[in-house]
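Take the given structure of chain A and dock chains B, C and D to it, following the hints.
There are 4 protein chains.
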Amino acid sequence: MKIGKETIPHSAICTSNSETIVVRGKDLAQELIGKISFTDYFFLLVTGQEPTPAATTVLNATLVAIAEHGLVPSVQASRMTLAAAPDALQGAVAAGILGCGSVILGASETAGRLLEEVRVRADGDNNYSEAAKQVIGEYRNARRAIPGYGHPLHKERDPRVSALFGVAEAAGADMTYIQIADAIENVIPEIIGKNLMLNVSAAIPAALLGVGFPITALRGVPILARTAGLIGHLTEELQKPIGFALSYQATRDYVYDGDTPEGFSASNT
Amino acid sequence: MKIGKETIPHSAICTSNSETIVVRGKDLAQELIGKISFTDYFFLLVTGQEPTPAATTVLNATLVAIAEHGLVPSVQASRMTLAAAPDALQGAVAAGILGCGSVILGASETAGRLLEEVRVRADGDNNYSEAAKQVIGEYRNARRAIPGYGHPLHKERDPRVSALFGVAEAAGADMTYIQIADAIENVIPEIIGKNLMLNVSAAIPAALLGVGFPITALRGVPILARTAGLIGHLTEELQKPIGFALSYQATRDYVYDGDTPEGFSASNT
Amino acid sequence: MKIGKETIPHSAICTSNSETIVVRGKDLAQELIGKISFTDYFFLLVTGQEPTPAATTVLNATLVAIAEHGLVPSVQASRMTLAAAPDALQGAVAAGILGCGSVILGASETAGRLLEEVRVRADGDNNYSEAAKQVIGEYRNARRAIPGYGHPLHKERDPRVSALFGVAEAAGADMTYIQIADAIENVIPEIIGKNLMLNVSAAIPAALLGVGFPITALRGVPILARTAGLIGHLTEELQKPIGFALSYQATRDYVYDGDTPEGFSASNT
Amino acid sequence: MKIGKETIPHSAICTSNSETIVVRGKDLAQELIGKISFTDYFFLLVTGQEPTPAATTVLNATLVAIAEHGLVPSVQASRMTLAAAPDALQGAVAAGILGCGSVILGASETAGRLLEEVRVRADGDNNYSEAAKQVIGEYRNARRAIPGYGHPLHKERDPRVSALFGVAEAAGADMTYIQIADAIENVIPEIIGKNLMLNVSAAIPAALLGVGFPITALRGVPILARTAGLIGHLTEELQKPIGFALSYQATRDYVYDGDTPEGFSASNT
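Line order of the protein sequences matches chains A, B, C and D.
Count along the first sequence from 1, then add 145; that gives the number in this note's numbering.
Count along the second sequence from 1, then add 145; that gives the number in this note's numbering.
Count along the third sequence from 1, then add 145; that gives the number in this note's numbering.
Count along the fourth sequence from 1, then add 145; that gives the number in this note's numbering.
Quick caveat, the hints were computed from the structure, so don't treat them as lab data.
Some hints here could point you the wrong way.
Treat identical chains as interchangeable: a pair holds within one or across any two.
With a straight-line Cα cutoff of 30 Å, these simulated DSS-like cross-link-like pairs (lysine-lysine) come out [to be verified]:
hint: 1; residue 1: K385; residue 2: K278
hint: 2; residue 1: K278; residue 2: K339
hint: 3; residue 1: K339; residue 2: K171
hint: 4; residue 1: K385; residue 2: K171
hint: 5; residue 1: K339; residue 2: K385
hint: 6; residue 1: K278; residue 2: K171
One chain only, chain A, in its complex shape:
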């Protein structure tokens, strides 16, 4: 079935002949294996460009910042899936990645779009406060949440945010988007009526957009990072399984609030 106009597949990522695999214009075996780190290769795969030293540093720092945060829901889902289907590691990883959605990790891209919106609105003026007020005001009027601001746990700024911004500065990265992220945090109390601290989902695009990482690929960063974290958890799960223990604990206080047939007694469990 033909859907859409394009019928010939084309791509600028990879080609090969019987002797050589070419990736992004380079000979994989001769010019990439052993010559480039995995982080730099990820940057090259996504952008077609090799990263600057600042980009390498910042991309490593953001991947490290969000790869692991303990037994969060997506890790639990992944470990439960491996417990139930231990032969298919790829299925357990996939189940964990499927939780990298809008609520928990997906805000990196939407926060990046917010930062870009403020940058465009400021139009060359590097005092971002006025532009931030306008854009946040529009979000408020549309009753949209401010992506990348507020956190269920941390009332102080998440320590990963300061660490990321410090790394970016020390690496000589362009600090524009970080300044914008700070400006937004500053105008939020006045416009929204409460403090919403800049969280790691805003810090990641703020740091990455300053080193040339594209907005369209921002959602890929938490996904790649979490894949590393999931593999750590699943390797542990294979040795010391807790998937079923998590599931047991989760429902210990479970309340059934539906109907029961006559004579049914839950106490007979």
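Relative to the frame of chain A, chains B, C and D by itself:
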């Protein structure tokens, strides 16, 4: 529902209090972000240990070697999935990872187990030829395929294999498993009756087992690597979509070999 | 980690003691197995109510209408995934389901919301033309696509649409939403400037909303239906594999439009 | 890339021209929608044949028997995934299906193969006791688990098993595989040394193989059934979310058994 004996979830990967996130014994914000590369962090997450310089080099090289190989079936599946469900990047990545199974990428672990079997059988003797003959003979008798040997495309040794082995040697890695992998390749013609070249699925465990990467986590290496490749392809797909073009081409010569109702004419397509 | 306010899990779907499994208030072994069809059970699971005879008929008809449509992209993705990972049928089904997104099958819910919007706007008036004009005009002003209208293949009304509407009428279903769906089709040319035929993604909610199926569960109907279709395809794939043939065909005319290293010749493929 | 010998995709399931969609030789709009139940259509899709009345009854009963069993691990994984990524219902369903693996639901196929092995061994003799002893003895010698026997909860026979067998008998299904399943249960104590009750994963193939459902498609039955159950849960999750509550409860008693940095105090949580 209680399944199994363990009821209290425990893990040695991550804990936190309101100020500090601890991963593998280290303060994430103070000791890891900006201080450790993503590759080294992956090694730390999986093993609990920081890698040696040789381990860093070899792990980077293996991840780079298999992250990308063009529009392979799992990449096609992933790009088609994004075309059909563009709002859920995580779903398209998951669909691509689900193809990292036994046939295409999953052989890394089974090949690693084969190498380990030969090492144990050799029992300290570092001439692996005799042990390889025994083990491969047993595989043949059991009509099992030799995981990590043979390749649909390359009749010569895949150039990635030589590159990986060269990187391991230059980095000063333990070459035991690489010697075993070579020994197996050498005995195959005599026992199996044809050449089966050592492929990248055997080269990866051969290199990684020499730098302390655990067998149980080997399947995670192609999964993490391919996630990076998939994000590259999906970023391109968002800009220059080919998911539906791939699907159209795939069925251009499609043959329906089932029944049809009376009067149905396919030419009326 | 605590996210959100609710901490005690509760559900009205299922409970059990050591002898009895209760689903939606009924004893599974005594009152459901052998007493209720799978389609009626699906309705009961989703709504907590047993379906009327009209609801049974319409739900069966909608599930049958969209379970199967040949080698569409999600079926191709699923068959390629099974080819690459044949041990994990659940992974191949999951890969296929991940393509049930907004573009291809997910429009059932958004189309249902459109129908409901027109119904509410008409406010008891059962001439839906005026309300349809208003709502479609608003969609046009917001440059939103009209979910459930237009089709890449069929310029005539898809024959499944007429079949579904005929079934609903013969079963004595409430025809309100079907009348609304027709009204929308009628006003589209005047407002949008071209014909967009009512497609199966609008016909499904039009039929189902008239028999008490909830809007929030509409997305589940194509997913359940396609799961049946995928299992049909994957059973065939296990016997007569075409996953790799699809992948091969898809890239036969592949164009690489990136850079190549000096001396690389594609003709040496 | 060409993998394998087959290059032209062919299928006997579906074709279409601009007016007609043909599925398994029938006109979808004219002969199937409104004429056939979803369960019968599933049988037709998988086998190419319309089911006998006994097959309809038994297939409905097996699908109803395993669609829902409360907040089992895969349902928890699915509800957590929807909580984290609420826009992608298909992702949450996929995450739930990925738990339909060898341990929890996947035993239907392996149990079916065990039943078939005993039938073939009996070689026309309809006293299956001797053949069952041989085959179970071989499983024991190979230290293989007996798929479909034993249950974490029920020490008595699961009430769903008796219900399924009663339905099959009342429907006039061929009882061969059910007799084999009983024979296996009877010989287990003598050979294995303890009672292992026939569970629902053996009852499903025992019933289905008697009505012509193919062994190769057995794994699809729990997957299709659970998809219906998952959609019930996810519809409830959208209205009364508990995904994060499940995750919170799961780790309330979590024990971190790794190292901590100097000065770190967990009590400061």
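Each hint tested on the structure:
Proximity of K385 and K278 under a CA criterion of 30 Å is satisfied in neither setting, with 51 Å inside one chain copy and 35 Å between copies. When the C-alpha separation of K278 and K339 is checked against a cutoff of 30 Å, the pair qualifies only within one copy, where the shortest distance is 14 Å, while the shortest distance between copies is 42 Å. Proximity of K339 to K171 under the C-alpha cut-off of 30 Å is found in neither arrangement, the shortest distances being 51 Å within a copy and 33 Å between copies. With identical chains, the CA atoms of K385 and K171 are at most 30 Å apart between copies only, with a shortest distance of 21 Å across copies and 42 Å within one.
In this assembly of identical chains, the alpha carbons of K339 and K385 lie at most 30 Å apart only when taken from different copies (27 Å versus 44 Å within one copy). In the homo-oligomer, the alpha carbons of K278 and K171 never lie at most 30 Å apart, since the shortest distance is 46 Å inside one protomer and 39 Å across protomers.
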